[in-house]
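J.: Letter by letter, the chains look like this.
Number of protein chains: 2
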Amino acid sequence: MKIAVLGTGGGARAHAAKLLDLGHQVFVGTRAPEATLARTEPDMMGNIPYGQWLASHPGITLLTFGDAAAAADSLVINGIDGHNAVGALSAVAEQLAGKTVVDYAVPFVYQHETEHPWPTPWGVMPKLDPCDTDSLGEQIQRALPATKVVKSFVTQEQTTVVDPKAIGGGDHTMFVAGDHADAKQQVTDLLKAYGWIDILDVGALVGARGLEMYAHMHSAIGFGLGQQFGGHFGIKVVR
Amino acid sequence: MKIAVLGTGGGARAHAAKLLDLGHQVFVGTRAPEATLARTEPDMMGNIPYGQWLASHPGITLLTFGDAAAAADSLVINGIDGHNAVGALSAVAEQLAGKTVVDYAVPFVYQHETEHPWPTPWGVMPKLDPCDTDSLGEQIQRALPATKVVKSFVTQEQTTVVDPKAIGGGDHTMFVAGDHADAKQQVTDLLKAYGWIDILDVGALVGARGLEMYAHMHSAIGFGLGQQFGGHFGIKVVR
Numbered sequence: 001m002k003i004a005v006l007g008t009g010g011g012a013r014a015h016a017a018k019l020l021d022l023g024h025q026v027f028v029g030t031r032a033p034e035a036t037l038a039r040t041e042p043d044m045m046g047n048i049p050y051g052q053w054l055a056s057h058p059g060i061t062l063l064t065f066g067d068a069a070a071a072a073d074s075l076v077i078n079g080i081d082g083h084n085a086v087g088a089l090s091a092v093a094e095q096l097a098g099k100t101v102v103d104y105a106v107p108f109v110y111q112h113e114t115e116h117p118w119p120t121p122w123g124v125m126p127k128l129d130p131c132d133t134d135s136l137g138e139q140i141q142r143a144l145p146a147t148k149v150v151k152s153f154v155t156q157e158q159t160t161v162v163d164p165k166a167i168g169g170g171d172h173t174m175f176v177a178g179d180h181a182d183a184k185q186q187v188t189d190l191l192k193a194y195g196w197i198d199i200l201d202v203g204a205l206v207g208a209r210g211l212e213m214y215a216h217m218h219s220a221i222g223f224g225l226g227q228q229f230g231g232h233f234g235i236k237v238v239r
Numbered sequence: 001m002k003i004a005v006l007g008t009g010g011g012a013r014a015h016a017a018k019l020l021d022l023g024h025q026v027f028v029g030t031r032a033p034e035a036t037l038a039r040t041e042p043d044m045m046g047n048i049p050y051g052q053w054l055a056s057h058p059g060i061t062l063l064t065f066g067d068a069a070a071a072a073d074s075l076v077i078n079g080i081d082g083h084n085a086v087g088a089l090s091a092v093a094e095q096l097a098g099k100t101v102v103d104y105a106v107p108f109v110y111q112h113e114t115e116h117p118w119p120t121p122w123g124v125m126p127k128l129d130p131c132d133t134d135s136l137g138e139q140i141q142r143a144l145p146a147t148k149v150v151k152s153f154v155t156q157e158q159t160t161v162v163d164p165k166a167i168g169g170g171d172h173t174m175f176v177a178g179d180h181a182d183a184k185q186q187v188t189d190l191l192k193a194y195g196w197i198d199i200l201d202v203g204a205l206v207g208a209r210g211l212e213m214y215a216h217m218h219s220a221i222g223f224g225l226g227q228q229f230g231g232h233f234g235i236k237v238v239r
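Chains A and B are the protein sequences, given in the same order.
Position 120 of the first sequence, counted from 1, bears residue number 120 in the numbering used here, the numbering being contiguous throughout.
Position 179 of the second sequence, counted from 1, bears residue number 179 in the numbering used here, the numbering being contiguous throughout.
Source of the hints: derived by calculation from the structure; they are not laboratory data.
Please note that a few of the clues may not be correct.
Copies of one chain are not kept apart here, so a pair can be met inside one copy or by any two copies together.
[Stated by the list, open to error] No farther apart than 25 Å at their CA atoms in a straight line, the calculated lysine to any residue pairs in the SDA-like style are these: (1) K192 - T133; (2) K2 - A143; (3) K2 - M45; (4) K99 - D182; (5) K192 - L225; (6) K127 - H83; (7) K236 - G51.
Please read all numbers here as calculations on a predicted model, not as lab measurements.
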């Protein structure tokens with residue numbers, strides 16, 4: 001299949017590499033491909049320059065957001081950070097029409113992006129916007145009424161989303177939320193290809209609120225496990 | 001030990017009954033004991049009248065909030081609903097001084113308690129206040145500086161908190177957050193007496209934000225599992 005991954009960060013790289021391994025044609029979208037390729041320094045998260053990464057993943061095609069979205073048969077993974085996702089996706093709404101967008105972003109608002117700093121006792125953990133009575137998943141769906149939005153992947157690090165068996169032999173739970181059953185099935189099939197066994201459909205896209213707000217608990221659990229675990233854990237729903 | 005449970009709802013009853021089973025002296029606090037005992041109808045959650053429940057649990061003593069708190073040796077379980085907890089606990093701050101309060105409330109704001117209704121696509125799921133940049137646990141700690149507040153129990157139904165082995169043989173995770181190590185140890189010991197094996201200390205009380213905000217994910221998981229499960233599930237941190 002031709003699948004698009006929008007974004008060039010660590011999570012988006014994990015998905016692109018995994019999709020390539022699974023035999024898909026992968027089209028990665030970025031705001032300005034030439035600028036992305038011109039970078040020679042690691043990004044703000046410490047990832048190696050994209051051009052260097054791309055050279056070791058032959059078969060992945062780097063395009064603009066719009067061209068990558070247009071190249072996808074029907075499935076697009078949104079790896080654009082939460083604060084910029086609605087704007088960037090709205091700008092390519094036409095290329096996303098009729099397709100499924102699976103969104104895994106947490107709508108963090110980083111302190112340097114606001115005029116109103118707030119205390120962040122989490123250290124690097126910023127506040128969420130939207131939160132509680134809305135979610136980024138729902139905002140994207142409202143902005144793209146012709147697209148089928150599924151919220152998933154968001155409850156853990158993307159490196160472990162594409163490699164679930166690395167944690168507890170794969171015995172943990174992945175969640176999908178969305179208003180379109182066929183799109184949720186498409187994402188569920190992808191998750192099975194990634195190796196997921198326990199996939200729970202939590203219903204309509206309003207459930208994205210719960211999945212996004214879990215971010216603070218994910219951080220708390222990470223603190224509890226200690227630095228050596230990083231984000232390398234999952235959660236399992238026990239019945 | 002002499003332990004106080006503040007509140008007469010379903011969760012508070014579960015803790016009071018379990019503590020009695022474990023051989024503790026249990027002092028239950030309510031706003032107005034005579035009014036509580038005078039009720040002859042089930043409460044808004046469908047629980048049988050408290051007097052009737054109390055008659056089948058001889059050994060539990062019903063007192064005012066202040067008298068119950070004063071009767072506790074050192075451990076007080078707060079089962080007052082989130083919206084009223086800070087006010088009710090502040091009123092008995094003197095009786096709670098020097099003691100540990102373990103708080104499990106979710107700070108839901110119910111629609112009938114506000115002049116500004118909001119859409120509740122969750123059905124009965126209300127919004128949270130505080131949320132994201134503060135938590136009820138932290139509010140209680142700020143209101144009661146002489147008390148040691150621990151947030152725990154909040155990530156699942158209280159009937160399963162006191163009976164962890166009923167879910168997956170007990171192979172799921174309970175969380176504690178708080179700024180006082182000795183108080184967290186006290187709550188951890190109580191949890192072990194309840195039957196908990198996997199207890200994760202997520203650090204300082206700021207982690208209460210994550211534990212409280214998990215409420216919406218708890219609801220989403222409940223929707224995903226379907227009505228037959230009710231809230232009868234837990235989550236396990238998988239490493």
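J.: Between the shortest in-copy and the shortest cross-copy C-alpha distance, which are at most 25 Å for K192 and L225: within, between, both, or neither?
T.: Answer is between: at 19 Å across copies they meet the 25 Å cutoff, but 28 Å inside does not.
J.: When Cα atoms must be at most 25 Å apart, do K192 and T133 count as within-copy, between-copy, both, or neither?
T.: Neither, since 31 Å and 36 Å both go past 25 Å.
J.: Can you give me the call for K2 and A143, within, between, both or neither, at a CA distance of at most 25 Å?
T.: Close inside one copy (24 Å), not across copies (57 Å); limit 25 Å.
J.: First find the shortest C-alpha distance between K2 and M45 inside one copy, then the shortest across copies, and answer within, between, both or neither for a cut-off of 25 Å.
T.: neither (28 Å within a copy, 52 Å between copies)
J.: For K99 and D182, with the copy left unspecified, which applies at a CA distance of at most 25 Å: within, between, both, or neither?
T.: Classified as within; 11 Å inside a copy, 54 Å across copies.
J.: Cα distance capped at 25 Å. Does K127 pair with H83 within a copy, between copies, both, or neither?
T.: Both, since 11 Å and 22 Å are each at most 25 Å.
J.: How do K236 and G51 come out at 25 Å by Cα distance, when the copy is not named: within, between, both, or neither?
T.: Neither: 37 Å inside a copy, 39 Å across copies.
Violated hints, in rising order: 1, 3, 7; the structure is consistent with all others.
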